[in-house]
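Visitor: The lines below spell out each chain.
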Amino acid sequence: MQSLGKLRLLQVWLRLLLLQGSWNFERLQGGGWFYAMVPVLRTLYGEKELRRIAREHVGYFNTHPYLAPSVAGAVIRIELERAAGREPEIGIAEFKEMVAAPYAAVGDALFWGGLRPLAAGISLLLASKGLAIAPIVFLLLFNALPLWFRIVGFLSGYELGVKSVEFLQHRNLPDLAIRTKETSVVLLGGVAAFMVFQLLNIEKKPLWLGFLAVPAVLLCAYLAGRGISTLMLVLLSAGLIMLCSLFSADVAVWLP
Amino acid sequence: MIVTELAIGAGVALVCGLDRVAALQVMISRPIVAAPLAGWLLGDVGIGLEIGLMVELLWLARLPVGAAIPPDDTQVAIAGTVLAVSLGQVLGQSGLEYQLLCLLITIPLGKFGQFFDRFARQYNGRNLALSDSYLEAGQFRAIEQAHRMGICCFALASLGTYFVIICGGLLMIPLLAPLLLPSLEATAQWLRIALPLVGIAVILGTINVSRSLTLFGASFGMAFLLMWLV
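In order, the protein sequences belong to chains A and B.
Under numbering that gives the first Met the number 0, think of the first position of the first sequence as 0, with each following residue one higher.
Under numbering that gives the first Met the number 0, think of the first position of the second sequence as 0, with each following residue one higher.
The shape of chain B in the complex, shown without the other chains (with noise of 0.2 Å):
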């Protein structure tokens, strides 16, 4: 049963993988929308929908501009709900703080995800240098061939991450989880609410928009003022 969730899991990573660089660029590939994708196809959306809205935020400032790879957070949201869903039925695991232990879990390894890109960025060079010799040879088809060669190279890119991530999954959160749900069941709800609030800081820290610290405390007090108030 858990290999069949893997599975669907790792078809998720391919298509949302694809979309994130190679191919389309719809943003299927953001956590907020992936990561319930996964849950729904799994059976449960509402996982899903809680590890996008925890993930969503973390990186949306790491814009992918020129050589910058940011790390994974397409897999690490997919590879959290996942792990959610599948392995915590095995585990018996449930709720907030197992989530919130998925997600501690994955969000390093997403790291991986810079490598694998990294690789299929380098393969691609290698591959496309030839473009010169296949055009004097007049070659235009194998020049055409060794673009589609590169969709497949961030295909399997994706998929690389994917795996690690659940294989780091597998291996730390039975060991990790007897040790760490005591401690994330007192402070699930913080820790809910902390990561798109460090999110929302790097968000701040990096955009470049003159007194974005300044909207943001004014707009923040307004709306809790409001919030408190009405």
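Extracted from the complex, chain A is given alone in its bound form (with noise of 0.2 Å):
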């Protein structure tokens, strides 16, 4: 069977690190699907066959973009499997069919929900201590893992083809999102105390003062879970603030 060169492979990876450059409505991802694929695909097959193919390439794709890799590396098999003449066990358009989705809702729950708070959280830890190393934590900490899953994905997918998704279901990424955002909310608990501390002790205020701030952001929690809009809680919170301060003076008085 037929394999592909070392820098054909690199320019497919690069070509999906722009995999959403013309996400649209219609096809998502489809048009950057293509974009990467086709190098190989113009490898593999003459002119006249290339049209034929290209077709299953051209339409609906969306996956997580860190796991597109693993999916292109798998397709790229099969594709080599199909231009050596043997018939694959499963066709492209079927294996990205059943692979997307699933990949597309872990990654969204791990990378997106889990461990981008995670990050986050980290850096504005050192971000309140006006530390400027606080963006970098954030890159190091957030890429280390989907540049893992970029790299290793595809290259597995390379190797192992159809059976590449066994090596992503090693991983047990469902149970590592749910970890991962459980210690998320764990460490923003920590994050808002630690700001409030800070707070408190900058206005010079009581510390058990503090503890409201657990029912304050349980209250947003319930409206933003009700529906109510960011920019409203915002803008009512900012709100809020002001009025109180022209009242501060009066309420002073009641604070030991």
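Each hint can be trusted.
Some chain B residues judged to face chain A by a derived CB distance under 8 Å, without partners named:
1. Q24
2. V25
3. V32
4. V44
5. E55
6. P63
7. L103
8. P107
9. R120
10. G137
11. I150
12. A185
13. Q188
14. A193
15. L194
16. L212
Some chain B residues close to chain A (C-beta under 8 Å, calculated; not the full set):
17. L23
18. L56
19. A128
20. T186
Covered stretches of chain B, as calculated for chain A (at least 3 residues, CB under 8 Å):
21. 15–22
22. 64–76
23. 138–144
24. 196–208
25. 213–220
Source of the hints: derived by calculation from the structure; they are not laboratory data.
All values derive from a computational prediction rather than experimental measurement.
Glycine included, every Cβ here is placed at the ideal spot set by N, Cα and C.
Take each chain as given, in its own frame, and dock them per the hints.
Guide: Structure (structure tokens):
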């Protein structure tokens, strides 16, 4: 069976970094998928065959951008089998359809829902202390795992083909996503406590007032859960704080 | 001078805006990175860090999933930083209360980002709808070109959002500064933590974790008590 050169694979991997470049409501990442795969197709097929084969890569495609290289690696392997005249165990369209949505769901939960708040929480702690390394820490913390999946996922997809699905299954990503989210929530509790503590020290207010932040945050969480927009919550809380400041002298009398 | 600073901000807006959807997605588009980057290029990383700190968590819960388009917090953070640094020098304003004023004006304008982003995606849809006819004609390079045009379109959308926020800020901040700065002065420290706390609340309200409120309350209480007692 024919294999692809390292440079060709690198070209596909680099093009996958632009997967969402032509994101649209009709084909989602379809344009980016074709853009990434076309160098491989050109290598494997002649002009006439290329038109027929390319049809399978032009349509709708949507998955998580960090897990797309894993799909691409496996699809390249299937294309190699097909170009060698062997009947692949699963068609390319079927394979894409089979893995794209689950990969998208688990990727969204793990990377956007779990890892991003976690990295943001840690870097915010540093930023609130005025440390300029906070953005660098965020980038390092966040990007380590996605970069690993982008590289190793692509290579394992290329090596294992359809069986690369097992590679991701063994990583138990849904569980990892839940644990990451739980860790994020705990960390954000610590971040909130630190910021409130810092504020009360600066403002020289009694520290027990800090516990009032919990019901305030929970109320906002309840309102957010009921569909009140972030912008509305920002404007409401800013307005409330400014209004309270008008009466702060009166309130201060009641504080120890 | 201010034109140069606005142009530097536009450069950052372009690069970080592309990272948001179209290219790389290494998260230099997050406010905690983009704002300090803009601040650093404009000579005041501290302002960028403060603005990044206040904006980072606000829309973090809005996942860029499928067709969902969150407000453009990248451009809010960058434009807020540019306005805080460059317009602040022109107006002779500085300090946390002035940064907050810039943010309170730029945050609602972030909604324009959704408009520009949607426009870019619709344009891409129309452009790529021609793919089938390109395919029939064997014009693969035309499909690749359409994809590259999509990236340009996202870049223009980012710049459009940046300029709308900047123009809104340049018009409104000089007018509102004398009215709002005195009351912001008294409340600046409270507002500084209110924005991240609202962001945390929105995350808690939308994150799909059982017992998230219990976990948050327990970790807040434990951390706060530790800081208080130690």
